[in-house]
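Trainee: Starting from the structure of chain X, add chain W where the hints point.
There are 2 protein chains.
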Amino acid sequence: MGEVVTIRDTGEFGLIDRITADLPADERVLVGPGDDTAVLSFPTGVVAVTCDVLVEGRHFRRDWSTAIDVGRKAAAASLADIAAMGGTATALVVGFGAPPDLPTAWAMECTAGLREEARAVGASLVGGDVVQAPEVILSITALGDLAGRPPVRRSGARPGDFVAVAGRLGWAAAGLAVLSRGFASPRALVDAHRCPAPPYAAGPAAATAGATAMIDVSDGLIADARHVAEASGVVLEISTLGWEVPDPLQAAASAYHVDPIEWMLTGGEDHALLATFPPEAHVPEDFRIIGAVVAGEPSVVVDGAVRDAEGGFRHFA
Amino acid sequence: MGEVVTIRDTGEFGLIDRITADLPADERVLVGPGDDTAVLSFPTGVVAVTCDVLVEGRHFRRDWSTAIDVGRKAAAASLADIAAMGGTATALVVGFGAPPDLPTAWAMECTAGLREEARAVGASLVGGDVVQAPEVILSITALGDLAGRPPVRRSGARPGDFVAVAGRLGWAAAGLAVLSRGFASPRALVDAHRCPAPPYAAGPAAATAGATAMIDVSDGLIADARHVAEASGVVLEISTLGWEVPDPLQAAASAYHVDPIEWMLTGGEDHALLATFPPEAHVPEDFRIIGAVVAGEPSVVVDGAVRDAEGGFRHFA
Numbered sequence: 339m340g341e342v343v344t345i346r347d348t349g350e351f352g353l354i355d356r357i358t359a360d361l362p363a364d365e366r367v368l369v370g371p372g373d374d375t376a377v378l379s380f381p382t383g384v385v386a387v388t389c390d391v392l393v394e395g396r397h398f399r400r401d402w403s404t405a406i407d408v409g410r411k412a413a414a415a416s417l418a419d420i421a422a423m424g425g426t427a428t429a430l431v432v433g434f435g436a437p438p439d440l441p442t443a444w445a446m447e448c449t450a451g452l453r454e455e456a457r458a459v460g461a462s463l464v465g466g467d468v469v470q471a472p473e474v475i476l477s478i479t480a481l482g483d484l485a486g487r488p489p490v491r492r493s494g495a496r497p498g499d500f501v502a503v504a505g506r507l508g509w510a511a512a513g514l515a516v517l518s519r520g521f522a523s524p525r526a527l528v529d530a531h532r533c534p535a536p537p538y539a540a541g542p543a544a545a546t547a548g549a550t551a552m553i554d555v556s557d558g559l560i561a562d563a564r565h566v567a568e569a570s571g572v573v574l575e576i577s578t579l580g581w582e583v584p585d586p587l588q589a590a591a592s593a594y595h596v597d598p599i600e601w602m603l604t605g606g607e608d609h610a611l612l613a614t615f616p617p618e619a620h621v622p623e624d625f626r627i628i629g630a631v632v633a634g635e636p637s638v639v640v641d642g643a644v645r646d647a648e649g650g651f652r653h654f655a
Numbered sequence: 339m340g341e342v343v344t345i346r347d348t349g350e351f352g353l354i355d356r357i358t359a360d361l362p363a364d365e366r367v368l369v370g371p372g373d374d375t376a377v378l379s380f381p382t383g384v385v386a387v388t389c390d391v392l393v394e395g396r397h398f399r400r401d402w403s404t405a406i407d408v409g410r411k412a413a414a415a416s417l418a419d420i421a422a423m424g425g426t427a428t429a430l431v432v433g434f435g436a437p438p439d440l441p442t443a444w445a446m447e448c449t450a451g452l453r454e455e456a457r458a459v460g461a462s463l464v465g466g467d468v469v470q471a472p473e474v475i476l477s478i479t480a481l482g483d484l485a486g487r488p489p490v491r492r493s494g495a496r497p498g499d500f501v502a503v504a505g506r507l508g509w510a511a512a513g514l515a516v517l518s519r520g521f522a523s524p525r526a527l528v529d530a531h532r533c534p535a536p537p538y539a540a541g542p543a544a545a546t547a548g549a550t551a552m553i554d555v556s557d558g559l560i561a562d563a564r565h566v567a568e569a570s571g572v573v574l575e576i577s578t579l580g581w582e583v584p585d586p587l588q589a590a591a592s593a594y595h596v597d598p599i600e601w602m603l604t605g606g607e608d609h610a611l612l613a614t615f616p617p618e619a620h621v622p623e624d625f626r627i628i629g630a631v632v633a634g635e636p637s638v639v640v641d642g643a644v645r646d647a648e649g650g651f652r653h654f655a
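Residue numbers (the working numbering), protein chains in the order written: chain X, 339 to 655; chain W, 339 to 655.
The following block holds chain X by itself, in its conformation from the complex (with noise of 0.2 Å):
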C-alpha cells in the first residue's frame, strides 16, 4: 500500500504548478497564472465580477461529493451569476484554502471540476491563491462579459411585464433531502445537489430578448423573487398552476409525502434564472412564463397567496 500524497507533500507552489499546468490558450488571458496578477482583455471595456464562497460541511461535504462535483458546484455558482447580468463569464480566480492532509488527487479533481465547469461557459482559470485552513475553502470570483449590452439587474421589473425562468427548480434540495435520510437515489436528484446545471445560455439570451430585470436562484425561487420585487419596486405574482413536475421530484416527494410544488418554490442552489421580460418581448425558448408583474407594495404572490421568504437559504440562520 503506498501512502496518500498530501497537499503538505505537494506545497503550495507545487500544488499551484500542477493545478495550473495545461491550461488551454486564450487569447483573452493575456497574462495567465504565475505572475501577481492575471491580466484580461475585455475589449468592450466593461467587466462583470462575482464572488462566491464555499465552505466544506456547510456547502458540500466530502463523503457526499466527489471532488470533481465540488469543485463544478463552486464554479457554477459564479458562472450562473455572469449569466444572471445577461454576461458569459471570461474568467475564473480561486483562492483555495485546505488542510494539510488533503489528498493532493483530491484537490486535483476538484480544480478540474472548477475547470470543467469553466470550459461550459468558455471562461479559462487564470489565477488564484493557496493557503492552509481546517477545512474545504473554495472562493470563486468570475469575471464576465457583457457583449457590450447593458446588464440586466434586479431593479428594471415593471408592472406588466412577465415572469420567467429558465433551468431546474428544487432539484438540488431534493437530492439533499434524499442524502438527509441516508440515501442514494433518485440519483438524478443527488446529482443535482452535488452538482448544478445551471441555465448559461438563457442568461446572455434574456438580455438580448430585451429582459427588464434576472436574478440567479440560488437562494429559492420565491426568495430570489423578493430580491428583485425589492429591488424593483413591484409585485411578483407567481402561478404554479400546470407546473409540471419531474419524475424524480414526484418520486422523491411521494416518498417523503412532501409537496413537490414548495421544493421547487423554496429550494435553491439549482441556480436557475429568474427574468422578467416586457409583454412585446420574445421569450427565449430556455425560459417558461409562471407568472406577472404587478404595482404595490413589494412582494411575491404565489397562487394568489402573498409568501414571505420562508424556506430561502439564510447563511446564519
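These aren't lab readings, by the way, just hints derived from the structure by calculation. Predicted model, so just to flag it, every value in this text is computed and none were measured. Just to be clear, a hint being listed does not mean it is correct.
[Claimed, not checked] Derived DEER-like restraints, expressed as beta-carbon distance ranges:
#, chain 1, residue 1, chain 2, residue 2, range
1, X, Pro-488, W, Asp-641, 55 to 61 Å
2, X, Ala-633, W, Pro-488, 52 to 58 Å
3, W, Arg-396, X, Ala-359, 22 to 28 Å
4, W, Asp-597, X, Pro-488, 57 to 63 Å
5, W, Pro-441, X, Pro-617, 46 to 52 Å
6, W, Pro-497, X, Arg-487, 45 to 51 Å
7, X, Asp-360, W, Ala-485, 30 to 36 Å
8, X, Pro-381, W, Arg-457, 25 to 31 Å
[As the list claims (entries may be wrong)] Residues on chain X that point at chain W, a partial pick, calculated with CB under 8 Å:
#, residue
9, Ala-376
10, Asp-390
11, Arg-396
12, Ala-422
13, Val-469
14, Glu-473
15, Leu-481
16, Asp-554
[Unchecked claim] Computed footprint of chain W on chain X; a stretch qualifies when at least three of its residues, placed anywhere within it, have a C-beta under 8 Å from a C-beta of chain W:
#, segment
17, 377-384
18, 423-430
From the three backbone atoms N, C-alpha and C, an ideal C-beta is built for every residue, glycine too.
Mentor: Just chain W now, kept in the frame of chain X:
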C-alpha cells in the same frame, strides 16, 4: 450589560447591507453591491486580477490584531499584487466567512479596514459573498488598471539590470517574533505585522520608468527574488553592504540576539516591491538599488553566497 450582537442576529443579508452602506460614489463602478454581479468600467480594455485568502489562526489572530487591522492587511495583500504588475487597483470583491457568534461589530470594523486600505489607492469595495464558516476567512480579489502600460511580469529581468526594492523589509517578521514572545513592543514592528504599509505608488512608477520585472515581496526577499530569477532565467545578485537597519528592527534584533539582516532577507508580508531596471532607466526615488542581474543558472546570490529559498513562507510546511 447589553448582549453582544452577533452576525447570527444580523443575518447574511443584514450584514451585506451594512458592509456596503454608504459606499462612496465611483464613476468606474457601473453597478455596485446588491446585484448578482458588480459591473466595472475599464476604458483601456485590460484588467489585472488577483486573489489572496487570509484564514484566522493562520494569517492573523483576533487577539493579536484589531478587526480594522485584519481588514487592512487582507486588502493590502491583493492591492500590492496589482501594484507589482505596475497597476492601480480599481475594485475589491470580498468573500467573507465567519462563525455565527462573531460580533457584528467585528465584521463591520474588518470591512471598514478593507475599505480604508482600498481608499488609499482609490479602489472601491464593489461586492462579495458572506457565508458561515468555523473561523474567519477573508478572500480578497482585486481588479486593477494598467493605464495602457504593458504588465511588468516576473520574467523580464535581463543581465545588466539593476535590482531594486521599494518599501519595508523584515518589519512584519520582526513584529511576529515580538508578538510570539508575548511582547507588544517595539510598537512599530507589531503594527507592521498587524497591518503592512505597501509602497503602492512605487508599482506604477516602476512601470513608467521601464522596470523589466517586478514582484510583490510577500514570501520574503530571497524567496521572491528567486521567483524572478526562475521566471527570467537569470541570477539576482544582492548585496546587503551598507543596508540601513531601521531602529526598531535593530532594537528587536539586539534583544533577541538575531541578525536583523536575516529578517530583512527572509521576512515576508511587508509587501515591499522588488523590481529590476535596465542600466539606462531612471530608478524612481521610492526604490533603493540592492544588486544586479547576471547571467547564469537561475538563483539568488546574497553577498556572494548562493541562497536557497529558506525563510520564505511555505503555506503547507
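Trainee: Is the interface hint for Val-469 of chain X satisfied, with its Cβ closer than 8 Å to some Cβ of chain W?
Mentor: 5 Å, holds
Trainee: Count the residues of the segment 377-384 of chain X whose Cβ falls closer than 8 Å to any Cβ of chain W, and tell me whether that reaches three.
Mentor: Satisfied; 8 residues make the cut.
Trainee: Is the distance from the Cβ of Asp-597 of chain W to the Cβ of Pro-488 of chain X consistent with 57 to 63 Å?
Mentor: 60 Å, holds
Trainee: If you check the beta carbons of Asp-360 of chain X and Ala-485 of chain W, does the distance land in 30 to 36 Å?
Mentor: 33 Å, holds
Trainee: Is 25 to 31 Å respected by the C-beta to C-beta distance linking Pro-381 of chain X and Arg-457 of chain W?
Mentor: Cβ of Pro-381 of chain X to Cβ of Arg-457 of chain W: about 30 Å, so the range 25 to 31 Å holds.
Trainee: Does the interface hint hold: is Leu-481 of chain X within less than 8 Å of chain W, judged Cβ to Cβ?
Mentor: 6 Å, holds
Trainee: Would the stated hint for Asp-554 of chain X survive a check requiring a Cβ distance to chain W of less than 8 Å?
Mentor: Holds, because the Cβ-Cβ distance from Asp-554 of chain X to chain W comes to roughly 5 Å (cut-off 8 Å).
Trainee: If you count the residues of the segment 423-430 of chain X with a beta-carbon closer than 8 Å to a beta-carbon of chain W, do you get 3 or more?
Mentor: That given contact holds, which follows from 3 residues of the segment 423-430 of chain X lying within Cβ reach (below 8 Å) of chain W.
Trainee: Mind checking the CB of Ala-376 of chain X against every CB in chain W and telling me if the closest is under 8 Å?
Mentor: 5 Å, holds
Trainee: Under 8 Å is the threshold here; is the Cβ of Asp-390 of chain X close enough to any Cβ of chain W for the hint to stand?
Mentor: 5 Å, holds
Trainee: May I ask you to test the interface hint for Arg-396 of chain X with respect to chain W, counting a Cβ-Cβ separation under 8 Å as satisfied?
Mentor: Arg-396 of chain X check passes; min Cβ-Cβ to chain W is 5 Å, inside 8 Å.
Trainee: Starting from the range 46 to 52 Å, see whether the pair Pro-441 of chain W and Pro-617 of chain X falls in it by beta-carbon distance.
Mentor: 49 Å, holds
In the structure shown, no violation is registered for any of the earlier numbered hints.
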